[in-house]
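Asks: In case you want the letters, here they are:
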Amino acid sequence: MDKQSENEPLSEEARLAEDVIQGILKTRKLFTLYPPNNPVYINASDSIVDKFRKFFETNDRLSLKIFQNEILFNNEQVYHNPEKSDNLALFFFKDGLKEITFLSSITRNEIEDFIRILITDFEHDAPDDDIVTILWERNFEHITYFADENFLTDVSEEEKAADNVKEKVYSDDSLKKAYHDSLKAETVQPDIPVPLSTDDIQHLSSDMEMQHQSKTDKFVVILFELLYNSTDLVTFKEIVRHIESTLKYCVSIGDFRSASHILNVIKDDTKKRVHEDKKNIFDPIFTAINSSSLIEDIGRVLDNVTAIEEGWFISYTKHLNETTIPPFINIMGEVQSLKGRHLVIEALAIIGQLNIKTLAEGLKNNKWHVVRDTIHILGKIGNSASIEYLAKSISHADERVRREAVKTIGSLKSPETLLYLSKALSDQSYAVRITAAKAIGNMRTKEAKKALINELTSKDFISKDFTEKKEYFGIIALWPDTEVKEFLIRTLKKRQFWKTIKNNETRACAAYALGILHEKDALPLLQKASRSGNKALRENSLAAINKLTT
Amino acid sequence: MEDKEFEKIAKGLINSFALVIKTAQIHHINNVAVVNAIQKFLSFLNPILSSEAVTIELVGEFFHLNNSRVRYSMEYIFNFEFLIEEFKKKRLGAIIFEEIVQEEDIKTLVNTIISSSHAEMPFQVIHKALEKAPQIHVKELRKIRDDHTEFKKKQLIKRSYLNAAALTKDITNRVKAGEMVSLKRPKRTIGAIIDQLIEDESMLIGMTTIKDYDEYTHYHSVNVSILSMALGHKLGLSRKILANLGLAGLMHDIGKIQIPIDVLNKPTSFTDEEWQLMKQHPAHGALLILRIKEIDDSLLNLVIPTFEHHLNYDLTGYPKLRHKVKIDFLSSIIAIADQYDAMTSARVYSRVPLSPERALSTLLDKSGTQLDPYLLKVFINMIGIYPIGSLIVLNSNEMGLVFENNTNPDLINRPRILIISNSAGERLPGKNTAVDLTEKDENGNYKRSIIKTLDPNQYGINLAEYLL
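Chains V and S are the protein sequences, given in the same order. If you read the first sequence in this note's numbering, its first letter stands for residue 42, the second for the next number, and so on. If you read the second sequence in this note's numbering, its first letter stands for residue 400, the second for the next number, and so on.
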């Protein structure tokens, strides 16, 4: 190797090349630590793109020669590492990569892709690939390489076989015979090859398009064909194990369609085809799908795979049993993506029906959003028995939880519903109180009306904020009956010496509710109130009159 | 320009240029068909030239238009491939149009390209001739690696072929021993073969025509792999899918290791019982592959074709299916390659194989029932009417072996030939001479044409002497 002596300084070009390599190493490290949307990742990417740009200001290509422990640019050593670990030169060299060239028109995406290849854990993530295969498959537009393929196989035996064939080369006699036969042979009129029509090309195009789709469906069909054709128990059990692995694989790539299909076939088809003695062989599959580890895998998939089809995910979860409720509650606290959380909620809304008590354990979770989501799921299930668990959540420390609990309790229509909602009317949070009031309003029962009127006539009600009071009166107006009408007129008429302003606010709310009720009998009273010196009373009375007269 | 708009114009431009060359290879440059093709090409070219220069460059297996890669589309695939071959043959790396060009300029360019066909250094001929057209320049094909001499290329292709055979044998032995098999080396080997297919398809297909090896199964698997990848390449499949196809080709018959050897090597017809055993090899193969590899995307692409390669297009065949599902595209490709190679190979039960032409004709009889009719058409076009390895007699009474097809479908009856005997039927001394049947004499007549074909298997004549 004709390279510069160790102490000789690098040329400017080599220094820039060295800079690129150091940049690649640094970026590789940062890419392993941070996700692509992280500012550190983005900065690292900016920095390496900049290093390439600087190099290409004066060069149109960066060609690096790879040796076991060093990398050379124009015969100058720009990287050296005698160690076996974390050695970039060795990383390339061990797979036979001898030269790599970056062209000046390389794009940012290509640089990022290239560095991401360098962080591949080939042993675990791509055991059938090496750096050369990946570069070959990726076929970068502006990165070329040269790899030595000679070290791959010893073909000496095959060379011998080929030499044997070559030795069998035809004799002069066979040539002569062929020549004489040719004199007698008929002259050929070759057929024109079959032309391809537009229709043929369309057929081929659509078939080729399908090559980019997952083939798990077809694979599953084959597995079951193999299963039904198996003639001995050992093979049958082996294929069932392959089915189990396939199912786990489908889950790991978010293909719940195929996973669901496998389970449907096992449940429906195998009933008809498989002898009773063999049916328990499928049990490990059901143990596997209900295991915490597979549910944890689902959590990871929900965060990483964007193209999950909700319908198939739901269909898959219908095969799970109640033991999956706790791990699903756990992943509800872990999953980051909105769609992922939505799917976990949908799953628990199905599996949770199998055991409300276990699902209600989610109410004890220390993450407020898990508690809130559990309440939401209980509401979706709609089993009134869950009110017993929800009652405690009315006094949860987090307002968002209490609000969800009130909303859910309101939807359950249990005998205790009104009791808990009435209790929530005195919650410290305005939002919770209003939610409770609305839930009571939605009940539309006599009892609910009574509870609401009691609240409106309670000693403390007058002191509430005007907006809140108005909301309550809006709710009571949902009952268009005499009792409510009389209550409102009574309230509008009510005068008191103390707390006049607060009382007038309450009267204004009654005027507002009478407007909603379209209560024409209240018109004289409203006209009178519209002349009040209190702004709220005056304006709400006028608004009600307006409603009643138009 | 928007990406989609660019793609559309770029594809149209390259496709129309291919059509110009194709048409001009058959007709005189002033023929109306050529002139129309030129006008069409100019309708794509000149609007771009009104604002910038246009460079059509061949980089690897892709054309680049002004430094942007132009994607393949099925619609134009055959014209693209034809033009790629033309560029390679002429060592043309790029054609640069500096400013708006006229019909006459294109005629000069096209005439120059066509007339350089039989020159020893075609690029230099084109380069010199274009000095008359200052608005058009050409660049020589970029040497990505060392330029391969014919000899070196042959050595590399032979090595890849034998490498694949050695690997197939190794995989078979490992599977027999119940060991796990890493696909790292097979994938590298397949990658190298695909690169060679892209560079010189004919030579690799030529390797598949030598059928005299002792161990049929290994070489058959390699042949199926190569023929499948060649067909896939014709269709413009991506490298990754081609690699899957190649691996599946190597592995498709792995299930035969579970068939008793005396059945496999039986020189006479099978009994019903033996036939039932033979029919199990696709299922055995699928199971064996499932045992040697963890499940992932590439496993699916191995198992499916292995299981389906004897299933017919109409879903008859074997193994018998309970649920009839359309045959996978890769399986259909492998089925065609498998049948073609089996028919053209000597087997224990059929010492004299079919000639390539008869094999193609037999395949054609199965179109739409046993074999995918659309893929079969592409395959037949790929193999050509005088398949590589065909023994032919020329009007000069010389005999020769076809070693390279003409990529222009209109000149498919004019392949490149290796002359093996003179007009008196005597073996030529020393190195065999290669001739191109598109070569014309000074009167514009073809120098040589094929008049007869013979079955090379009857005389044991093949390309081994030339390729091995």
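If you are wondering where the hints come from, they were derived from the structure by calculation, not from laboratory data. All values derive from a computational prediction rather than experimental measurement. For every residue, glycine included, the Cβ atom is placed at its ideal position computed from N, Cα and C. Incorrect hints may appear among the rest.
Listed below are the simulated BS3-like cross-link pairs for lysine-lysine, each with C-alpha atoms no more than 25 Å apart in a straight line [as the list claims (entries may be wrong)]:
no.: 1; chain 1: V; residue 1: K139; chain 2: S; residue 2: K552
no.: 2; chain 1: S; residue 1: K487; chain 2: S; residue 2: K531
no.: 3; chain 1: S; residue 1: K692; chain 2: V; residue 2: K278
no.: 4; chain 1: S; residue 1: K575; chain 2: V; residue 2: K201
no.: 5; chain 1: S; residue 1: K557; chain 2: V; residue 2: K201
no.: 6; chain 1: S; residue 1: K551; chain 2: V; residue 2: K201
no.: 7; chain 1: V; residue 1: K139; chain 2: S; residue 2: K719
no.: 8; chain 1: S; residue 1: K575; chain 2: V; residue 2: K217
no.: 9; chain 1: V; residue 1: K256; chain 2: S; residue 2: K851
no.: 10; chain 1: V; residue 1: K256; chain 2: S; residue 2: K506
no.: 11; chain 1: V; residue 1: K278; chain 2: V; residue 2: K256
no.: 12; chain 1: V; residue 1: K313; chain 2: S; residue 2: K723
no.: 13; chain 1: V; residue 1: K313; chain 2: S; residue 2: K719
no.: 14; chain 1: V; residue 1: K543; chain 2: V; residue 2: K464
no.: 15; chain 1: S; residue 1: K846; chain 2: V; residue 2: K308
no.: 16; chain 1: V; residue 1: K256; chain 2: S; residue 2: K725
no.: 17; chain 1: S; residue 1: K725; chain 2: V; residue 2: K217
Every beta carbon over 12 Å from chain V, so not counted as near; a handful from chain S, in silico [as the list claims (entries may be wrong)]:
no.: 18; residue: N435
no.: 19; residue: I494
no.: 20; residue: K531
no.: 21; residue: I535
no.: 22; residue: S601
no.: 23; residue: L636
no.: 24; residue: R638
no.: 25; residue: K655
no.: 26; residue: S822
Asks: A separate judgement is required for each hint: does it hold in the structure or not?
Replies: We went through each hint and held it up to the structure:
Using a Cα cut-off of 25 Å, the hinted pair K139(V) and K552(S) holds, with the two alpha carbons roughly 19 Å apart. With a C-alpha separation of about 23 Å, the suggested pair K487(S) and K531(S) falls inside the 25 Å cut-off, and the hint holds. A threshold of 25 Å between alpha carbons decides the hint, and for K692(S) with K278(V) the separation of about 18 Å falls inside it, so the pair holds. For the hint linking K575(S) to K201(V), the alpha-carbon distance of about 24 Å falls within 25 Å, and the restraint holds.
Proposed proximity of K557(S) and K201(V) is supported: the alpha carbons are some 12 Å apart, at most 25 Å. Note on K551(S) and K201(V): the hinted pairing holds, with a Cα-Cα distance of about 19 Å set against a maximum of 25 Å. Of the supplied pair hints, the one linking K139(V) and K719(S) is violated, its CA atoms being roughly 49 Å apart against a limit of 25 Å. Restraint check for K575(S) and K217(V): not satisfied, since their Cα atoms lie roughly 46 Å apart, outside the 25 Å limit.
Distance check on the hinted pair: K256(V) and K851(S) sit about 47 Å apart at the alpha-carbon level, beyond 25 Å; violated. Taken as a hint, the K256(V) and K506(S) pair is broken in the structure, with Cα atoms around 49 Å apart against an allowance of 25 Å. Between K278(V) and K256(V) the alpha-carbon distance is near 23 Å, which keeps this suggested pair within the 25 Å criterion. Of the pairs offered as hints, the one joining K313(V) and K723(S) holds, with about 18 Å between alpha carbons and a cut-off of 25 Å not exceeded.
Proximity of K313(V) to K719(S) is assessed by CA-CA distance (about 18 Å); at most 25 Å being required, the pair is judged to hold. Annotation: proposed proximity of K543(V) to K464(V) holds, straight-line Cα distance about 24 Å (limit 25 Å). Proposed proximity of K846(S) and K308(V) is contradicted: the alpha carbons are some 72 Å apart, above 25 Å. Between K256(V) and K725(S) the CA atoms are separated by roughly 12 Å; this keeps the pair inside 25 Å, and the hint holds.
Taking the CA atoms of K725(S) and K217(V), the gap is near 50 Å; set against the 25 Å cutoff, the hint is violated. With a least beta-carbon separation of about 20 Å from chain V, N435(S) lies farther than 12 Å from that chain, consistent with its non-interface assignment. Residue-level check passed: I494(S) sits 19 Å from the nearest beta carbon of chain V, beyond 12 Å. With a cut of 12 Å on Cβ distances, K531(S) stays outside the contact zone with chain V, its closest approach being about 30 Å.
No beta-carbon of chain V is positioned within 12 Å of the beta-carbon of I535(S); the least distance is around 23 Å. With a cut of 12 Å on Cβ distances, S601(S) stays outside the contact zone with chain V, its closest approach being about 16 Å. The non-interface label for L636(S) is inconsistent with chain V: the shortest C-beta to C-beta separation is roughly 7 Å, within 12 Å. Against the 12 Å criterion, R638(S) falls within the reach of chain V, whose nearest CB is about 6 Å from its own CB.
Under the 12 Å C-beta cut-off, the non-interface status given to K655(S) relative to chain V holds; the minimum distance is some 17 Å. The Cβ of S822(S) sits about 9 Å from the closest Cβ of chain V, inside the 12 Å cut-off, so the non-interface label is violated.
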